[in-house]
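Q: Residue numbers (the numbering used here), protein chains in the order written: chain A, 1 to 389; chain B, 1 to 389.
Treat the hints with care, since some could be wrong.
Straight line, CA to CA, 27 angstroms or less: simulated DSS-like cross-link-like pairs of lysine-lysine [as the list claims (entries may be wrong)]:
#  : chain 1 : residue 1 : chain 2 : residue 2
1  : B       : K364      : B       : K375
2  : B       : K364      : A       : K28
3  : B       : K28       : A       : K171
4  : A       : K28       : B       : K128
5  : B       : K128      : A       : K27
6  : B       : K44       : A       : K171
7  : B       : K364      : B       : K354
8  : A       : K386      : A       : K375
9  : B       : K354      : A       : K28
10 : B       : K27       : A       : K171
On the chain B side, residues computed to face chain A include the following (Cβ under 7 angstroms) [stated by the list, open to error]:
#  : residue
11 : F6
12 : K28
13 : P235
14 : K375
Derived from the structure by calculation, the hints contain no laboratory data. Don't be surprised by glycine CBs; every beta carbon is placed ideally from N, CA and C.
Number of protein chains: 2
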Amino acid sequence: MENFEFLSPTNIIFGRDTENQVGEETKKYSSKILLHYGGGSIKKTGLYDKVIKSLKEANIDFIELSGVKPNPRLSFVYEGIELCRENDIDFILAVGGGSVIDSAKAIAMGVPYDGDVWDFYAGKATPKEVLPIGVILTIAAAGSEASRSSVITNEDGWYKVGLNCDFTRPKFAIMNPELTFTLPPYQTACGVVDIMAHVMERYFTNVPNVDLTDRLCEGTLKAVIENAPIALEEPENYNARAEIMWASTLAHNDLLSTGRIGDFASHKIEHELSALYDVAHGAGLAVIFPAWMRYVYKQNMDKFVQFAVRVWNVDFNFESPERTALEGINRMTDFFKRLGMPITLKELNIPEDKLEEMADKATKSDTFQLGNFVKLNKEDVLNILKLAR
Amino acid sequence: MENFEFLSPTNIIFGRDTENQVGEETKKYSSKILLHYGGGSIKKTGLYDKVIKSLKEANIDFIELSGVKPNPRLSFVYEGIELCRENDIDFILAVGGGSVIDSAKAIAMGVPYDGDVWDFYAGKATPKEVLPIGVILTIAAAGSEASRSSVITNEDGWYKVGLNCDFTRPKFAIMNPELTFTLPPYQTACGVVDIMAHVMERYFTNVPNVDLTDRLCEGTLKAVIENAPIALEEPENYNARAEIMWASTLAHNDLLSTGRIGDFASHKIEHELSALYDVAHGAGLAVIFPAWMRYVYKQNMDKFVQFAVRVWNVDFNFESPERTALEGINRMTDFFKRLGMPITLKELNIPEDKLEEMADKATKSDTFQLGNFVKLNKEDVLNILKLAR
C-alpha cells in the first residue's frame, strides 16, 4: 500500500426532496450567486422552479448562465468568468450533471485569476484560490459533485483536457435520485459506464497489498452491475437510481484510490473521441475500455483474474488463469452491450483514417507516456484503437 | 434506501513517517496546544520524541496531559478542561488510540462550555462549539480518528456513555501503520473485533435496497478477516497493519451508514461490561456480538443468510436457509476464538449474579428500547447476556 492523503469535504445531502434545501445551504456561503445549468430540461421537470423558490426564500440574489453543452466549452467558461466579475458573484450553483459542474469549476478557478483560465488546464499555472461551488446533481455519471476533477474542451484545436484541483471540490452536493428518473436510457447507460470506468481505472494498479480498496472497488462495481439493468427497465425505480447515484460519487471522490496508483489512460484516449466527434463520454469508454484491457491484461494477469472472479463471478479456471481473465473482459463487454452501449468504433462512425490523429493527440500532450498500469506510447494507443474498431 | 447527510471532513494523512508532519499540520490551527496521551508506550517506541521535535520545529507551544486510561474517565476530562482554560489552549493533539481521542473530544467540548461537560453525555445539553482536535493514531480499533463519537466513563455510578457530535470530528488524523507494530496480540485482536463490530452494527439493518453499502460493508469485513491473522502472526507486517488501520477509520466514519439505520445495541450492552469490570472493549464485543446474533437472527433471516454467504463464504443451503445463517454466526465465532478472543462471559470472569444489574443499566438509561434491528427491553438484554455465558 502506498502512502496517501485523503480529504473529501463535500457535504452530501442525499434523498427525496433534498433540492428544496438548496437556498438554506447556499446561504451559508453567499447571498449573490451564479446559477449555472444546461438546456431546458430542468425547466421541463419543474426542478428550475423549485430551485428559484428555495433561493428566493433564502433571500439569495442570482444571475443565470444556462446553455452548458456536453463536453463543456472553454469559450462558455470565459463568458461565465466575465459575468461573475461584472456582477461581483462569489458563489456558483451548478444544477446539472458533470458538464455543468465542470464548467462551474472552471469558472470558479477563472474568476479570481488574472491570467487565462486555460493556463491551469495547459499545466502552465496552478490555482491558488477558487470561488466556492454548490451542486444539485441531475445525472449520475461523472462524479464531479465531490471530485477534484474537471474536464474542459478548448475549441481552438479541439483539445479536451482534465484538471485535478482539490480546491474545486464542491461545498455541498444535493442528490435526489428522483431527479434522474427522466434521464433517457442511452444517457443512463453512458453514466453507468463512466462510473464503472472510474472504479476500474483505480482498480487496475500494480501496487500490491491493497485488499481493502480492492474489496471496496469490487463492491461498488457489483452494486452498479446489479442496479443498472433495473434502472433501464424501470426508469422510476427509486432504489436502483439511488444506488447508481451514490456509486457515482464514491467512484470518483478518491476514496477508492487511497493507497493505490491508478491508470487513467482509457479516459484520456476516450477524450480524443469526445473532443473530435462529440461522442458521449460513457459510450466512448464502452468502446475503449475493453480494448485497453485486451491490450494490457498480460502485464498483471492476477489482477484481471481477480476482476473476473470477484466482480463477474467467473469460475476460476485452474488449468488456464488466462481464460479466466479473458472471460471477465468478455462478460464486461457483454454487459455494456446489454446496456445498449456501442462496443466498437465502427458503431460510433469513427473513420479508420482518424485513428492516428487521435493516438497522436492522446500521447503528444503528455511529456511522459500515458498510463501507469502499463505505459503506453503513441503506437500502443494506435494498437488499442485498432483493437476497438 | 433512507435519506441521509454525510460529511467526513477529517484530512487523513496515511503512511510511513507521516508522524513527522504533525507540527506542520497542527500549525494550521494553533500555536499553543494540549498534548494528550496515555501511558509511557509512546515514549518507549520513540514516537514521543518525534512528536516533540516536529512541534518544536513548527514553533508550537504545548502543555502535556498524559495518563489517559482505557475506558477514559470523566474525572480526568475535568482535569484536562481546567488545564486548557488556565493556559489558553485552543487545540488538542491526541496521540494514542480511541481512549485518548475520546478523552480529547470530551475536553474539546468542555472547554468552551459553561456547564458540566457530562451534561452532553447525559443528553441534557448539546455542544455548540468545540476546540479543534488533531490525532496521531497508535491503535487501529475505535475509529474515533474520523468519527463523531466519543465514549466516556463516569466513575460516579460507573456509567459508560457514548455521544455523537459532528463538531468533534478531528481536523486531521495522522496514521502510520508502523506505529501499531508494538501492539500486543490481545490488543490487536480486540481492535479487530471492534472494527468488525462497527461494520456489523451498520450492516444489520431492516432498511431494504442498500446494495452499495451492503457490498462496502462486506468488503471491509473481508479485508479485515483476511489481514487480522497475518497481523497476529507477523506483528511487523506493514501491509496487514495498514489494511486494518484504514478499515478502522472507514468502519466508523459513517460512510457505511449512509442510507441505512444501524443497530448499536451490542455496543451498548458491552459498555456495561467495560464500565463494571474494565473489560477490554473488543473482548467484550467478541462475547456479546455472537449472543446478540443468535438472539435476533430470525427477525430478518435474509440479512443473516447474506452475511453468511457473502462475508464467510458459506455455501447457500437451499433446503435450509436457517442453517446457512447459523453457519455464518458460527464461523464468525470461530474466527474470534482463533484471534485469541474470549467468546463467553465466563472467560471474562463475570459472575452470573451481575447480569441483571447490567441488563438494567443497559436499558434504563434510554427512555426507549435498545436497538433498531430488533427492539430490546431489559428481559431481552438479560436473555442475550445469558446466551453469552
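Q: Take the hints in turn and mark each one as holding or not.
A: Status of the hints after comparison with the structure:
For the hint pairing K364 (chain B) with K375 (chain B), the CA-to-CA distance comes to about 14 angstroms; that is within 27 angstroms, so the pair holds. Restraint check: the Cα-Cα separation between K364 (chain B) and K28 (chain A) comes to about 40 angstroms, which exceeds 27 angstroms; the hinted pair is violated. With a CA separation close to 20 angstroms, the supplied pair K28 (chain B) and K171 (chain A) stays within the 27 angstroms bound. Taken as a hint, the K28 (chain A) and K128 (chain B) pair is honoured in the structure, with Cα atoms around 17 angstroms apart against an allowance of 27 angstroms.
With a C-alpha separation of about 20 angstroms, the suggested pair K128 (chain B) and K27 (chain A) falls inside the 27 angstroms cut-off, and the hint holds. For the suggested pair K44 (chain B) and K171 (chain A), the alpha carbons sit about 42 angstroms apart, so the restraint of at most 27 angstroms is broken. Proposed proximity of K364 (chain B) and K354 (chain B) is supported: the alpha carbons are some 15 angstroms apart, at most 27 angstroms. Between K386 (chain A) and K375 (chain A), the direct Cα distance comes to roughly 18 angstroms. Compliance with the 27 angstroms bound is thereby established for this hinted pair.
With a CA separation close to 51 angstroms, the supplied pair K354 (chain B) and K28 (chain A) exceeds the 27 angstroms bound. Only pairs whose Cα atoms come within 27 angstroms are accepted, and K27 (chain B) paired with K171 (chain A) is accepted, the gap being roughly 24 angstroms. Interface hint status for F6 (chain B): upheld, as the beta-carbon distance to the closest one in chain A is roughly 4 angstroms, under 7 angstroms. For K28 (chain B), the interface hint is violated, the least distance from its beta-carbon to any beta-carbon of chain A being 12 angstroms, above 7 angstroms.
Nearest Cβ of chain A to the Cβ of P235 (chain B): about 16 angstroms, over the 7 angstroms cut. The hint is violated. Taken as an interface hint, K375 (chain B) does not check out: its beta carbon lies about 24 angstroms from the nearest beta carbon of chain A, beyond 7 angstroms.
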